[in-house]
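Q: Just so you know, the protein sequences line up as chains S and A, in that order. Here the numbering used here runs 89 ahead of the position in the first sequence, where the first position is 1. Here the numbering used here runs 89 ahead of the position in the second sequence, where the first position is 1.
Simulated from the structure, these hints should not be mistaken for laboratory data. Misleading hints may appear alongside valid ones.
[What the hints assert, rightly or not] Here are the in silico distance ranges between beta carbons for each label pair: (1) S:Glu244 x A:Lys213: 25 to 31 Å; (2) S:Lys208 x A:Asp114: 25 to 31 Å; (3) A:Lys273 x S:Pro207: 49 to 55 Å; (4) A:Asp216 x S:Ser248: 33 to 39 Å; (5) S:Pro296 x A:Ser173: 16 to 22 Å.
[Said to hold, decoys possible] List time: in silico DSS-like cross-link candidates among lysine-lysine, alpha-carbon distance up to 27 Å: (6) A:Lys213 x S:Lys213; (7) A:Lys233 x A:Lys270; (8) S:Lys208 x A:Lys213; (9) S:Lys213 x A:Lys208; (10) S:Lys243 x A:Lys194; (11) A:Lys273 x A:Lys252; (12) S:Lys243 x S:Lys213; (13) A:Lys230 x A:Lys208; (14) S:Lys208 x A:Lys194; (15) S:Lys194 x S:Lys233; (16) A:Lys259 x A:Lys230; (17) S:Lys230 x S:Lys208; (18) A:Lys252 x A:Lys230; (19) S:Lys194 x A:Lys243; (20) A:Lys208 x S:Lys208; (21) A:Lys230 x A:Lys243; (22) A:Lys259 x A:Lys273; (23) S:Lys259 x S:Lys213; (24) A:Lys273 x A:Lys233; (25) A:Lys259 x A:Lys194; (26) A:Lys208 x S:Lys194.
[Said to hold, decoys possible] To give a feel for the contact side, a few chain S residues facing chain A, derived at Cβ under 8 Å: (27) Leu182; (28) Gln184; (29) His189; (30) Thr190; (31) Phe197; (32) Tyr291.
The structure displayed is predicted, hence computed values, not measured ones. C-beta atoms are modelled at their ideal positions from N, C-alpha and C, and glycine is treated no differently.
Number of protein chains: 2
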Amino acid sequence: MKNKISDAVVNRLPVYRRYLEELIDEGVEHISSNELSRRIGFTASQIRQDLNNFGGFGQQGYGYNVEDLYREINSILGLDHEYSMVIVGLGNLGQAIANHTRYYKMGFPIIGMFDINPKLIGLKINDIEVQDSENLVDFLKTHKVDIGIITTTKEAAQSIADKMVEGGVKGIWNFAPLDLKVPKRIPVGSVHVTDTLNSLVYHIVHPDQG
Amino acid sequence: MKNKISDAVVNRLPVYRRYLEELIDEGVEHISSNELSRRIGFTASQIRQDLNNFGGFGQQGYGYNVEDLYREINSILGLDHEYSMVIVGLGNLGQAIANHTRYYKMGFPIIGMFDINPKLIGLKINDIEVQDSENLVDFLKTHKVDIGIITTTKEAAQSIADKMVEGGVKGIWNFAPLDLKVPKRIPVGSVHVTDTLNSLVYHIVHPDQG
Numbered sequence: 090m091k092n093k094i095s096d097a098v099v100n101r102l103p104v105y106r107r108y109l110e111e112l113i114d115e116g117v118e119h120i121s122s123n124e125l126s127r128r129i130g131f132t133a134s135q136i137r138q139d140l141n142n143f144g145g146f147g148q149q150g151y152g153y154n155v156e157d158l159y160r161e162i163n164s165i166l167g168l169d170h171e172y173s174m175v176i177v178g179l180g181n182l183g184q185a186i187a188n189h190t191r192y193y194k195m196g197f198p199i200i201g202m203f204d205i206n207p208k209l210i211g212l213k214i215n216d217i218e219v220q221d222s223e224n225l226v227d228f229l230k231t232h233k234v235d236i237g238i239i240t241t242t243k244e245a246a247q248s249i250a251d252k253m254v255e256g257g258v259k260g261i262w263n264f265a266p267l268d269l270k271v272p273k274r275i276p277v278g279s280v281h282v283t284d285t286l287n288s289l290v291y292h293i294v295h296p297d298q299g
Numbered sequence: 090m091k092n093k094i095s096d097a098v099v100n101r102l103p104v105y106r107r108y109l110e111e112l113i114d115e116g117v118e119h120i121s122s123n124e125l126s127r128r129i130g131f132t133a134s135q136i137r138q139d140l141n142n143f144g145g146f147g148q149q150g151y152g153y154n155v156e157d158l159y160r161e162i163n164s165i166l167g168l169d170h171e172y173s174m175v176i177v178g179l180g181n182l183g184q185a186i187a188n189h190t191r192y193y194k195m196g197f198p199i200i201g202m203f204d205i206n207p208k209l210i211g212l213k214i215n216d217i218e219v220q221d222s223e224n225l226v227d228f229l230k231t232h233k234v235d236i237g238i239i240t241t242t243k244e245a246a247q248s249i250a251d252k253m254v255e256g257g258v259k260g261i262w263n264f265a266p267l268d269l270k271v272p273k274r275i276p277v278g279s280v281h282v283t284d285t286l287n288s289l290v291y292h293i294v295h296p297d298q299g
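So that you can see chain S by itself, here it is in the shape it has in the complex (with noise of 0.2 Å):
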């Protein structure tokens, strides 16, 4: 993987992931890129450029091994680790993050929890502590913290990544309705929840546009 792999490509690895993971659970063990094509709905010639740029592990006539693939593809993704993450903001997104155990399963623990709002502070949420915000950076200086969560409000959440990279994250994960201002090295990863909804009604309201 010499090459620079474009933003869209790398986006598109969930996708796969998605499916490939699906495929595992009806028992399918091999498929072409036909195949796959026709059930997510990027071309077979995306699909096997895509997977080109990871060394290309179908073979002609034969298709894509799906267990190879779907562990090559989490390989590639870094999902072969764990990664540890605390979250700052306890509100109901941030909850329900928090009680998410599928994070936990997929090796994405959540070990420490953060708040400023004095109800929410001592709360147990998991097992976990909610803590005073103000113990942000003391806890990622002391605990080895991959991923900082963000679901605070859009005024708290430049500050908090400021905290957040002041303590050594290697990467942000922001529900917060802006984009942050990070140095370039610590990478983020960015839900506007909002603005799918807005494209989502851009749709409904230009039919034609479709």
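Once you've looked at the hints, dock chain A against the given chain S.
A: Frame of chain S, contents of chain A only:
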């Protein structure tokens, strides 16, 4: 707007909208494409090209009128109307969305809530009583509902989508981790939360690919 606008442009419109909202809050009245570029991170030529799709509101040497541009983008996005919504699946995430009063203020009232869990049926969230999902199609046929929100499990999501289509929703906002199969005329906006985590981890693991 005779030409088809690409999805990439449509997906950038909510981003422009967010930044314009910030500019209004800051009291900024005019902005050049260069200054907008500095803030958003898109190139100035990208910005001019995007906004030209919709008629080009900029004036040479004067820039964009922030309020006009904001109003115009809202109108293009269809945000000058109200859209009623129902939500199916009142687990942690569903409750977070149902409790998020910002959507009500933005003109997206949730007028019906549905779940199959007897423990949730009858519960009141934001003054709406959670009903049995059995009633979904009837409710949709007897109320004006624009958007169906799916926050069920992956396993239940497709059958709920089918019911929403049967009931006549105009679009689906999907949070379940799968790509729904619906008739082409029904737009789907998907929030693949876990995909964004996977892409983030990729960038942590491959810092050279930044």
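Q: Hint by hint, note whether the structure agrees.
A: Hint check results:
1. S:Glu244 x A:Lys213: 25 to 31 Å: holds (29 Å)
2. S:Lys208 x A:Asp114: 25 to 31 Å: At 28 Å between Cβs, range holds.
3. A:Lys273 x S:Pro207: 49 to 55 Å: holds (51 Å)
4. A:Asp216 x S:Ser248: 33 to 39 Å: Since the Cβ atoms of aspartate 216 of chain A and serine 248 of chain S sit about 34 Å apart, the hinted range of 33 to 39 Å holds.
5. S:Pro296 x A:Ser173: 16 to 22 Å: At roughly 18 Å between Cβ atoms, serine 173 of chain A and proline 296 of chain S fall inside 16 to 22 Å, so the hint holds.
6. A:Lys213 x S:Lys213: holds (24 Å)
7. A:Lys233 x A:Lys270: holds (23 Å)
8. S:Lys208 x A:Lys213: holds (22 Å)
9. S:Lys213 x A:Lys208: holds (22 Å)
10. S:Lys243 x A:Lys194: Judged against 27 Å, a Cα distance of about 16 Å means the pair holds.
11. A:Lys273 x A:Lys252: holds (16 Å)
12. S:Lys243 x S:Lys213: holds (24 Å)
13. A:Lys230 x A:Lys208: Given pair lysine 230 of chain A, lysine 208 of chain A holds - Cα atoms ~26 Å apart, limit 27 Å.
14. S:Lys208 x A:Lys194: holds (25 Å)
15. S:Lys194 x S:Lys233: Within the cut-off at roughly 19 Å; holds.
16. A:Lys259 x A:Lys230: Holds. Lysine 259 of chain A to lysine 230 of chain A sits at ~12 Å (cutoff 27 Å).
17. S:Lys230 x S:Lys208: holds (26 Å)
18. A:Lys252 x A:Lys230: Distance ~11 Å between lysine 252 of chain A and lysine 230 of chain A Cα, so the pair holds.
19. S:Lys194 x A:Lys243: Measuring from Cα to Cα gives roughly 16 Å; hence the hint holds.
20. A:Lys208 x S:Lys208: holds (25 Å)
21. A:Lys230 x A:Lys243: holds (25 Å)
22. A:Lys259 x A:Lys273: The given pair, whose Cα atoms are some 11 Å apart, holds under the 27 Å limit.
23. S:Lys259 x S:Lys213: holds (26 Å)
24. A:Lys273 x A:Lys233: holds (21 Å)
25. A:Lys259 x A:Lys194: Holds - the C-alpha atoms of lysine 194 of chain A and lysine 259 of chain A are around 21 Å apart, at most 27 Å.
26. A:Lys208 x S:Lys194: holds (25 Å)
27. Leu182: Because about 5 Å separates leucine 182 of chain S from the closest Cβ in chain A, which is inside the 8 Å limit, the hint holds.
28. Gln184: The hint holds - glutamine 184 of chain S has a Cβ within 8 Å of chain A, the shortest such distance being about 7 Å.
29. His189: Holds, because the Cβ-Cβ distance from histidine 189 of chain S to chain A comes to roughly 7 Å (cut-off 8 Å).
30. Thr190: Violated - the Cβ of threonine 190 of chain S stays beyond 8 Å from chain A, reaching only about 10 Å at its closest.
31. Phe197: Holds - the Cβ of phenylalanine 197 of chain S comes within 8 Å of chain A, reaching about 7 Å at its closest.
32. Tyr291: holds (5 Å)
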